[in-house]
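Participant: Given the coordinates of chain A, work out where chain B should sit on it, guided by the hints.
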Amino acid sequence: DAGVTQSPTHLIKTRGQHVTLRCSPISGHKSVSWYQQVLGQGPQFIFQYYEKEERGRGNFPDRFSARQFPNYSSELNVNALLLGDSALYLCASSPSTGQFFGPGTRLTVL
Amino acid sequence: GENVEQHPSTLSVQEGDSAVIKCTYSDSASNYFPWYKQELGKRPQLIIDIRSNVGEKKDQRIAVTLNKTAKHFSLHITETQPEDSAVYFCAASRGGGSEKLVFGKGTKLTVNP
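Protein chains in written order, with this note's numbering: chain A, 1 to 110; chain B, 1 to 113.
Pulled out of the complex, with its shape left as it was, chain A reads as follows:
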């Protein structure tokens, strides 16, 4: 019974670069959400997708974008990386209610 998977596990980038993070939801889950978790804080909502449509967007700049594919997997893209983008990026999938998190991608921006 596979849970939510994310890749890569860790990533190191420099300022100004872009990054793509990937998420595969639990089989049968059609909703995927992305959260940013800075050290010592709770996760902050970035995006939610359901059936490939954006359902919600958090208070993040336009440098952040996402999409969901026909198989319900998702990508989060961040352009023009800043030092402050260093965080754990979590993906969560949901059947309808309740959200189940993946292990996250630890992004370090130098």
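If you're looking for bench data, these hints aren't it; they were derived computationally from the structure.
Heads up, a few of these hints could be off.
Here are the computed distance ranges between Cβ atoms for each label pair [to be verified]:
1) A:G40 / B:E83: 21 to 27 Å
2) B:K105 / A:R63: 36 to 42 Å
3) A:L39 / B:H7: 18 to 24 Å
4) A:S65 / B:S12: 38 to 44 Å
5) B:K57 / A:Q17: 42 to 48 Å
6) A:S96 / B:G55: 35 to 41 Å
7) A:R106 / B:T110: 20 to 26 Å
One-sided and incomplete, this derived list gives chain A residues near chain B with beta-carbon spacing under 7 Å [said to hold, decoys possible]:
8) P43
9) F45
10) G56
11) S96
12) G98
13) P103
Not everything, but these chain A residues come out facing chain B in the computed CB check (under 10 Å) [stated by the list, open to error]:
14) G3
15) V4
16) F47
17) Q48
18) R55
19) G58
20) S86
21) L90
22) A92
23) S94
24) F100
25) F101
26) G102
27) R106
Note that beta-carbon positions come from the ideal geometry of N, C-alpha and C, so glycine has one too.
Facilitator: Then chain B, alone, in the frame of chain A:
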């Protein structure tokens, strides 16, 4: 905007004691309240949740209570064990949990043997 306040930020108890973590929320339309446990370096794990049509829910040593009027909800852990040590997050959501989660800042629980 929507906000969830969580207290205390740190909590230290002796093994076997009870632990209580409290949260308040600002969005009156919130109707789903999950609790997550996050161990160091691991993913947040859903441990219990409650919907607004229920006042209390229990699962073995863990219970959650909800006071809609006061916009308060609490996590109660009884007979704590060292493996309960982790950071616990409360969250609130509209749409029965189908919409975004708004998280509290977390409570670091330490259970001393």
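Participant: For every hint, state whether the structure bears it out.
Facilitator: Verification of the hints:
1. A hinted range of 21 to 27 Å for the beta carbons of G40 of chain A and E83 of chain B is consistent with their spacing of about 22 Å.
2. For K105 of chain B and R63 of chain A, the hinted distance range of 36 to 42 Å is not satisfied, since their beta carbons lie about 25 Å from each other.
3. Range check, L39 of chain A to H7 of chain B: about 20 Å between beta-carbon atoms, so the 18 to 24 Å window is met.
4. In this structure the supplied range 38 to 44 Å holds for S65 of chain A paired with S12 of chain B, their Cβ-Cβ distance being about 42 Å.
5. In this structure the hint that K57 of chain B and Q17 of chain A lie 42 to 48 Å apart at CB holds, the actual value being about 45 Å.
6. The hint said 35 to 41 Å for the Cβ distance between S96 of chain A and G55 of chain B, and at roughly 23 Å that hint is violated.
7. For the pair R106 of chain A and T110 of chain B, the beta carbons lie near 24 Å from each other, so the given range of 20 to 26 Å is met.
8. With 7 Å as the threshold, the beta carbon of P43 of chain A comes within range of chain B, its nearest partner Cβ sitting at about 5 Å, so the hint holds.
9. At its closest, the beta carbon of F45 of chain A sits 4 Å from a beta carbon of chain B; the interface hint therefore holds under the 7 Å criterion.
10. For G56 of chain A, the interface hint holds, since its Cβ comes within 7 Å of a Cβ in chain B; the closest pair sits about 5 Å apart.
11. For S96 of chain A, the shortest C-beta to C-beta distance to chain B is roughly 6 Å, which falls under 7 Å, so the interface hint holds.
12. Residue-level restraint check for G98 of chain A holds (minimum Cβ-Cβ distance to chain B is 5 Å; threshold 7 Å).
13. The beta carbon of P103 of chain A is positioned within 7 Å of a beta carbon in chain B (closest approach about 5 Å), and the interface hint is therefore held.
14. Interface hint status for G3 of chain A: upheld, as the beta-carbon distance to the closest one in chain B is roughly 8 Å, under 10 Å.
15. Taking 10 Å as the C-beta contact cut-off toward chain B, the hint placing V4 of chain A at the interface holds, the least distance being around 8 Å.
16. Interface restraint check for F47 of chain A: the shortest CB-CB distance to chain B comes to about 9 Å, inside 10 Å, so the restraint holds.
17. The closest approach between the C-beta of Q48 of chain A and any C-beta of chain B is roughly 6 Å, which is under the 10 Å cut-off, so the hint is satisfied.
18. For R55 of chain A, the interface hint holds, since its Cβ comes within 10 Å of a Cβ in chain B; the closest pair sits about 8 Å apart.
19. For the restraint placing G58 of chain A at the interface with chain B, the shortest Cβ-Cβ distance is roughly 7 Å, inside the 10 Å limit, so the hint holds.
20. About 16 Å separates the beta-carbon of S86 of chain A from the nearest beta-carbon of chain B, more than 10 Å, and the hint is not met.
21. At its closest, the beta carbon of L90 of chain A sits 7 Å from a beta carbon of chain B; the interface hint therefore holds under the 10 Å criterion.
22. Interface hint status for A92 of chain A: upheld, as the beta-carbon distance to the closest one in chain B is roughly 8 Å, under 10 Å.
23. This hint holds: S94 of chain A has a C-beta 7 Å from the nearest C-beta of chain B, less than the 10 Å allowed.
24. Interface restraint check: F100 of chain A against chain B, minimum CB-CB distance 6 Å, threshold 10 Å, status holds.
25. The beta carbon of F101 of chain A comes within 4 Å of a beta carbon in chain B, closer than 10 Å, and the hint placing it at the interface holds.
26. With its C-beta approaching chain B no nearer than about 6 Å, G102 of chain A sits inside the 10 Å limit, and its interface hint holds.
27. For R106 of chain A, the interface hint holds, the least distance from its beta-carbon to any beta-carbon of chain B being 9 Å, beneath 10 Å.
Checked against the numbered hints above, the structure breaks hints 2, 6, 20 and satisfies the rest.
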